[in-house]
Amino acid sequence: MDTAQETGNLTGIRQIILVLSGKGGVGKSTISTELALALRHSGKKVGILDVDLCGPSIPRMLKVQDKAVHQCDNGWVPVFVDQEQTISLMSVGFLLEKPDEAVVWRGPKKNALIKQFVSDVAWGDLDYLIVDTPPGTSDEHISAVEALRPYKPLGAVLVTTPQAISVGDVRRELTFCKKTGLRVIGIVENMSGFVCPHCSECTNLFSKGGGEELARHAKVPFLGCVPLDPQLTKSLEEGQDFIQEFPKSPAFPAFISITQQILDGTLAQTS
Amino acid sequence: MKVNRNGKEEQETNTEHKRVKNKSKNKVIRKTITFWNGNMIFKNELFTTFSKIALLDIDICGPSIPKMMGLEGEQVHQSGSGWSPVYVEENLGVMSVGFLLGSPDDAVIWRGPKKNGMIKQFLRDVDWGEIDYLIVDTPPGTSDEHLSIVQYLSAAHIDGAVIITTPQEVSLQDVRKEINFCHKVKLPIIGVVENMSGFICPKCKNESQIFPPTTGGAEVMCQDLKVPLLGKVPLDPQIGKSCDNGQSFLTEVPDSPATLAYRNIIQRIQDFCGLHSSKEEKLISR
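For the record, the sequence lines run as chains A and B.
Heads up: the first sequence is residues 1 to 271, going by the UniProt record's numbering.
Heads up: the second sequence is residues 1 to 286, going by the UniProt record's numbering.
Simulated from the structure, these hints should not be mistaken for laboratory data.
Warning: the hint list may mix true and false statements.
When the alpha-carbon atoms are kept at most 16 Å apart in a straight line, the in silico EDC-like pairs for lysine to aspartate or glutamate are as follows [what the hints assert, rightly or not]: (1) Lys179/A <-> Asp106/B; (2) Lys52/B <-> Asp105/B; (3) Lys184/B <-> Asp100/A; (4) Lys208/A <-> Asp244/B; (5) Lys179/A <-> Asp105/B; (6) Lys226/B <-> Asp100/A; (7) Lys203/B <-> Glu201/A; (8) Lys205/B <-> Glu201/A; (9) Lys178/A <-> Asp105/B; (10) Lys241/B <-> Glu252/B; (11) Lys219/A <-> Asp105/B; (12) Lys178/A <-> Asp106/B.
Computed from a predicted model, the values in this text were never measured in an experiment.
Chain B with its partners taken away, still in its complex shape (with noise of 0.2 Å):
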């Protein structure tokens, strides 16, 4: 389905989609986790650690994934057997309305309804094949696309949500609302992660807290509501860049504080994926 300047639907002239009865057919997914209140330069960075990861961008409106990915200008090929993500690596493969725009300039002027109708499409039509992680890059707030990525995949089992702060007061305000959405629609919450945390400049090596901790920043949160706190990472303009020109900042940048944060809080991640699946195991082995 290509989506025209207007933003409206241009009819499929090809075959229609196929209708995947049995999900385990075309894609085994054994971990999925969503991240909520997008900071999608760390999602970015998750991606080179795993084995076979699908990353699907809800972010209708801002579709951020494509270019963070290097994968700006890349188009959707659909197949016999679903849409086909798009793949940055053989193990990595891209889902997002960016790749059904024609042009950069293109808005998605869509009101809650479509925006679930695209959603279900993503899950139901693209063929990821086997992969070992979902992973969801959601917009910010608690509205149609979070209550639709929670209700579609229901029956498939989210795995756990990962909320992005920032340290300041006025963003943590807003992840308190995100962490009782979670316990509303009982979603687990693998942790918070603490994002632009300090900035240590390249000249003189001082610290400042660019956004300061006024209320005692993600650390104080996480113990007040009783969620991990999985790390904090500081900034760095090398992200910023990466991310601009579609690069693994892990990779090229892997001496840096903020690649270290990273890679803990990836272990942490996969630590708590692995907790659960043998968890799982037990449960069902009984």
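Bound-form chain A, shown alone (with noise of 0.2 Å):
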């Protein structure tokens, strides 16, 4: 008998969206942390998982590296990124002793400390958890998948830029999402496009149109594209909140845009 279910640490939560790639670097996390800021801004209350057990980045982008993780009755408390409590995150990052500290583990490890996660992190009531995930389609996503599947997660966002190098993988990952039964909420096109700040002129660095062409090839929502914003990338260096201090920042529309739409689709699948 699954003990979450018992203890009810996820029970509290009412939907569940995992980000996926098929490829690294393209900004799972950088979509997760800031879909997690504007869901808060759109008034929700939002948990944060990171099982990026070898690059756990969300920490740094939310400005709590330096914070500890607690236990309670109920298993680990999860790190609040502000006083209000509206954003809470777990992350292997809170468990290492040195931020240097490589996690140099095999799969059954990893499996392991992610069905943890899943099931002993005291989340409270949350409207949403977002599960940010590494690249692939391998232990972490198949435990994850697995460890969350009774909770009837609402789907999953994938991740890619417009390349087709970075496409390609993101049609595995679309298999994967078929394969484990998850829902595909919609694809994100990120790192679209870059505006030049001195002249406007706009470069596609990465190409472009992939993501878009993917979504409508798969047939599956396509929920924008996002582009290279140096302010977005410093906010999140700096653990700024992107949402709330650069309304007028390139990428900014894009992501009241997706959340939007996130915020639609689940009055739709609750309805």
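Each chain sits in its own coordinate frame; assemble them with the hints.
Okay, structure coming up:
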């Protein structure tokens, strides 16, 4: 019998969203973080579960890299990003003795920790739990989906960059979703164009349109293009709330639109 | 061995794989370089300058090398001496799980042990012939693939690792872990490459730091950790295009600042390998 179901650690969570990609470096953690911040700005209570055990990026992106996790009767207490406790986070990053310490684990050990992360974190009541994953279709993904299946996730957001090399791997990720019965909420095309701040010329650094074409080919929703935005990258570096601080920045409208589609989609699913 | 749509191995109906008792009978590999924290675009460019190159793609879940080398759709053939790599040119052979998949939609949904098994097969059963450099492309992280390749190649001696990063701290914080991993498993570090290091607008020629080096970029990290910085490669939209089209960026865009950066980095890698092999020869001749 699943411990989590008995203790109810995930039963207070209304919707679970996984953020996936076949490819590394396309911006999953960025999208996860901004999605969480945008949902929070829409008045939602959000948790983020970072299951990228080898490369846990989210603590720094939310400026909580120096925090530690504590235990309570129901398990681990997630780290709250803000005083109002509207965003909480669990990551292996909080369990490392030193930040540069490498997590050099084979599959079985990773699987065990992911199972613990899913069942032993006392999230409390959340509107959304966003699960950030490493690239690929391996241990972390299989374990996360298996552990979350009883809680019927809303689905997966797939992140790609526009170029064919990235899209090629995300096609495989779509197959993973199909095989594991994970609904695809939609595809986000990240790093989609760069507008020069000096002359406003737009350059398609990583090509253009691959994500949209993939969505069409695979008959899944296309959630939108997020442009390259140095202000966004800088916010993530410094753990700032991009959605709050930079509403005029090029990437802002994209995040608002993607979040709105997820909120609308949630309403449609639950009604 | 073919992998069907369900990611399951299909049994070979013809002769079994030949176990190679004496590795040197089939292949003489002089240099082994692994690339960590995978930027595959960079690796693609390495190959046009060395003499005889073998490229082994151990990114089992995300095998991008076939496409980048213009080899999409190619199949692996078996002969009496093992699997034949797929040749881009006479002196550049490639092996990837990508060649074993029936369709671009096929996902390899394998846990660690199965991935390790594949990597072992790649090392044991591929008939590379005589080569000067074996270059191993890895997925991001510090997990099964990385542990396995270091373990399986320990007898053959890996010359070193080239670690790729982008300038921002979010990337560097993972690369520091990679560097520590290399120290832990006693893998020499040839150096670090800072990729996507600045962008020059083609219209106004002003530079933008799209991935700003808020903590000093790879330069400061390399100074702190006392590892060499091999070079910085700027962003050039042609790089992505070349990869998507399976072309060599160095050949297609010889005048790009990125091309110059790549060539300098390649030279430094060659120098490192040359220096270390002459040191080994000195030790042996004593």
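Which numbered conditions among the earlier hints are violated in the structure presented, ordered from lowest to highest? Result: hint 2 breaks, nothing else.
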